[in-house]
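Can you build the whole structure from these sequences, using the hints too?
There are 2 protein chains.
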Amino acid sequence: MAIKRVGLQTVKLSNPPSIISGATIVGPKEGEGPLKEYFDLILEDDMWGQESFEKAEAKIQEEAIKLAISKANLSPNDIQYLFSGDLLNQIISSSYTARQLEIPYFGLYGACSTMTESLSLGAMIIDGGFADKVVCATSSHFSSAERQFRFPLEYGSQRPFTSQWTVTGAGATVLSATGNGPYITYITTGKIKDYGIKDANNMGGAMAPAAIDTISQHFKDTGYSPKDYDLIITGDLALVGKRILLDLMKREGYDLSEVYSDCGLKIFDGEKQDTHAGGSGCGCAAVVFNGYIYKEMLKRNLNRVLLVATGALHSPLSILQGESIPAIAHAVTIDNLVE
Amino acid sequence: MAIKRVGLQTVKLSNPPSIISGATIVGPKEGEGPLKEYFDLILEDDMWGQESFEKAEAKIQEEAIKLAISKANLSPNDIQYLFSGDLLNQIISSSYTARQLEIPYFGLYGACSTMTESLSLGAMIIDGGFADKVVCATSSHFSSAERQFRFPLEYGSQRPFTSQWTVTGAGATVLSATGNGPYITYITTGKIKDYGIKDANNMGGAMAPAAIDTISQHFKDTGYSPKDYDLIITGDLALVGKRILLDLMKREGYDLSEVYSDCGLKIFDGEKQDTHAGGSGCGCAAVVFNGYIYKEMLKRNLNRVLLVATGALHSPLSILQGESIPAIAHAVTIDNLVE
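Chain order of the listed sequences is A and B. Under our numbering, think of the first position of the first sequence as 2, with each following residue one higher. Under our numbering, think of the first position of the second sequence as 2, with each following residue one higher.
One should not assume that every hint holds.
One copy or two, it doesn't matter: identical chains are merged, so the pair holds either way.
[Stated by the list, open to error] For lysine-lysine, the following BS3-like pairs were computed, each having C-alpha atoms within a straight-line distance of at most 27 Å:
#, residue 1, residue 2
1, K221, K273
2, K251, K300
3, K72, K192
4, K192, K67
5, K37, K251
6, K37, K192
7, K192, K228
8, K273, K5
9, K221, K72
Just so you know, these hints were derived from the structure itself, not from any lab.
Printed below as a string of C-alpha cells:
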C-alpha cells in the first residue's frame, strides 16, 4: 500500500486538493485594522442582531461558510464533509452552524490551531478519494471568548501587555479534488509541547515551542528551508511568541527573519488599536488565511506559504487545578504550483 | 481520481484497516455491571490517586491508550496519529493525554459520538495511505461530567427517569493498514438532527432522530438491511431513545428488533444499579466497543456489526440561552471478513 509519508510527521499529497474558495466575515475592530481590504464582510455591530455573543458567533461562522460555498458556485448539497471547530465549550458555534447547513459534520477542537487542523483533515480526506468537496472552517468572538476564558467584560479587568485580543470573525475554505489552485501540498501534524507556562494571559509564550517544533520538523521531513517559502506565518504567537520563535529557530539553525510573520500581528495595528501583544482566537488565522493570504496567492504576490496555526489546549478549569498550558501547531504548505 | 463514495453519506474503504488492538479501563460501577468480564482494568477508586475528577479522567484515557498500544506490541513512536476527544470543556482529558504520549494529535469534539468519529477519521486516513497505525480513543467520567453539565454532586440533585448515567471509563483502538481483522469496511457520517428537545436530562430522546437518520441512510447507501448485521448498536440512546428508534425505524420500513441493542443498555443493569434510562458519555460506546464487541468479534460470536455512536452537541450555556439539543450519529461497519 502506498504510504504518502515524508519523514516523521509530514505527508505529501499525491493529488493536491485545490482551494477553490475562501470567505471571511469580521467584526468592527478587525475591519479597522491593516487587512480591512481583504475581508468579504465587516460587521458594524458584533452582535449582528443576535441576542447573545455566542449566537452572534454561530451566525458569523454560518454566513462565512455559506459565502465560501456560494463563491465556489456550489450549494451545501455539493459538500461531502464539513470540518469545523471553535473555542467555545462543546464547540457550540460550529455545531449549531452544522445544524443549519445539513452537511455531514466532523467537529474538531484544536483551539486556535483549528484552521490548519481542519485543512489537514479535509485535504487528506479528499486526496484519499473519500470526497470531492469539503469545507474547513472556524470562528471566534472576542466577547464570547473573553467571558468564557477570562473575566466578564463588565468586570473591566485590566489586561497585561502579554495578553492578546481574540479576533471576532470566521473564515471558511472550500477544498476540491480538482481546481486551479492554490493547492495544499504538504501537511505536518503537530505534537503537544508544554514548557510549563501557567499564565493564560501569555498565550504567545505558551504556544511558541509548539510552533518551533512543528516548523523544524517540517523542514527536516521535507528538506525545505526558510528560503523555499515566500511566507511562513504562525497562527497567533503575536509579539511575545514571535520573538521567542525567531530566537529559538535561529538556535535550531534556521533563520526565519526574512520570511516570517504571524497572523496575530497582521490583523491589528497594535499601537493604534490597543490590542497589546496582538490578535488571537481561532478566527485570527482563519480570516488572515482566507482573506489576506489566499487573495495574495491568487494575485501571485505569494506563491508558496507555510501556514502554522497554533493552539493553546488548556481550559480555565485545568489552569485553576494547577496545570500548565499544552500547546500544538499544525502546518500546511500551500502552493500555487504543483510538480 | 478514484472516489470511494457509496451513496450520499457513506464511503467504502478500499483496503479496510484492521483493528489490531482494543483496550478498556472502567470505574467501579461499570465493573459491577453485566459486561465486567470484558474490561481490561476495573478501578477500585474512580479518583485513581489523582486530586480531581478531571485529572483522574485524563489518567484513565492515557492508561487505556498505552494499554491498547502495548497489547499490539507497539510503542507510541509507532503510531502516526492520535484521534481523540471527550466531553470536558476544551477536551482537556484528551489534550493532557496527548501531551504525555507525544503522538501527532487531532483533537475531536463529537460528545458521545466521539468513538465512531475517531474510528471514521482514523480509518480513512489509513486507507488513504497517510498512516500505517493510528489510535482512536475517548473517555468520560461520571463525576467530571455531572458537575460540568448538570449540578455539583454535593447538591444531591434528584435525577429524572429519562436521565442517563455517564460512564466512567476510556476505550482505545489501534487501527492498522495490515492485520487479520476485524476490519472497518464502511463509514456513514452523520448530519446534525435537532427535533427541538431542550431537556438536557433526556439525551436519548434528543439523539434518537440522528441515529435513525444515519442508520436509514447507511441502508440506502450500502444496500444492506438489518438482516445483514449480527448486531446494530447505538452509542447511548438508552431506554427512552431505544423505544423511539425501534418505532420510527419500523415506520421507515426497517425492522431492527432482532439485531438492535444500545451501549447504554448493555453496560449497566438499570434495575439493580439505579442508572435510570441507562449509560451515556463518550466512554460508554468506547468501552462497550473495545471490550464487549471487539472481543466477541474475535471469538466469531459476532461477525458484522454496525456501531453507531450518538452525540448531543449542546452546552449548558446554549441550553440556558434557549437553544435545543443538536444531535449527531456516526456509523462504522466492522466486519470479520472482507470481500
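Here is how each hint holds up against the structure:
1. K221 with K273: neither (39 Å within a copy, 58 Å between copies)
2. K251 with K300: neither (31 Å within a copy, 56 Å between copies)
3. K72 with K192: between (34 Å within a copy, 23 Å between copies)
4. K192 with K67: Between copies, since 16 Å is at most 27 Å while 32 Å is not.
5. K37 with K251: neither (32 Å within a copy, 55 Å between copies)
6. K37 with K192: Intra 33 Å, inter 35 Å, cutoff 27 Å: neither.
7. K192 with K228: within (25 Å within a copy, 43 Å between copies)
8. K273 with K5: Close neither inside one copy (46 Å) nor across copies (52 Å); limit 27 Å.
9. K221 with K72: So K221 and K72 fail the 27 Å test inside a copy (37 Å) and across (31 Å) alike.
Checked against the numbered hints above, the structure violates hints 1, 2, 5, 6, 8, 9; every other hint is satisfied.
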